[in-house]
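The opening position of the sequence shown corresponds to residue 35 in the numbering used here, with each subsequent residue numbered one higher.
Calculated directly from the structure, the hints in this document are not laboratory data. Fair warning: this is a prediction, and the values are worked out from it, not measured in the lab. Each residue gets a CB set at the ideal place from its N, CA and C atoms; glycine is no exception. Not one of these hints is a red herring.
Dumping the calculated DMTMM-like pairs for lysine to aspartate or glutamate here, alpha-carbon to alpha-carbon at most 25 Å: (1) Lys-57 with Glu-71; (2) Lys-36 with Glu-49; (3) Lys-94 with Asp-107; (4) Lys-102 with Glu-88; (5) Lys-109 with Glu-96; (6) Lys-146 with Glu-160; (7) Lys-109 with Glu-95.
Estimated spans, in silico, between C-beta atoms of each pair: (8) Glu-96 with Leu-135: 49 to 59 Å; (9) Arg-116 with Lys-76: 52 to 62 Å; (10) Met-69 with Met-105: 50 to 60 Å; (11) Asn-58 with Asn-86: 35 to 45 Å.
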Amino acid sequence: MKTLRDEREKERKAELQRIEADKNRQVKELMHKNMREFQDIKLYYGDITSSNLEIIKRLKEEHAELKKREMADAKLMRELKRKNAALSDPLKRAREDVEQLKDTYASFLEDKRKIGVLKEKIAEQE
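With the sequences and hints as input, model every part of the structure.
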């Protein structure tokens with residue numbers, strides 16, 4: 035009976051060692067798998083972060099370029115408005131002069147016609 039008990043005790047200890055070794059192996063495999071997955075996730079999010087930082091940098095550069103272009107356009111617009119204002123008055127005066135000359139020309143033609151009529155009357159009276 036004692037030998038049977040000793041034999042069962044040895045079997046139990048051997049089974050315990052086998053279970054413990056299996057457990058340790060599974061824990062080690064799981065830790066290794068988790069470490070790989072963690073590294074993959076870390077790499078994935080690191081790539082995303084790097085990509086986002088590059089996008090942010092590019093967008094900041096584009097924004098600065100747009101601001102610079104906007105300022106140049108505003109400066110050009112001010113210059114064009116100034117030139118337009120400088121040319122508006124002479125144009126207005128020139129248009130007024132044209133209207134005045136048209137009126138003068140119309141008066142001239144009317145006077146010329148009247149002179150022609152008077153010449154005819156004088157010629158008839160002679």
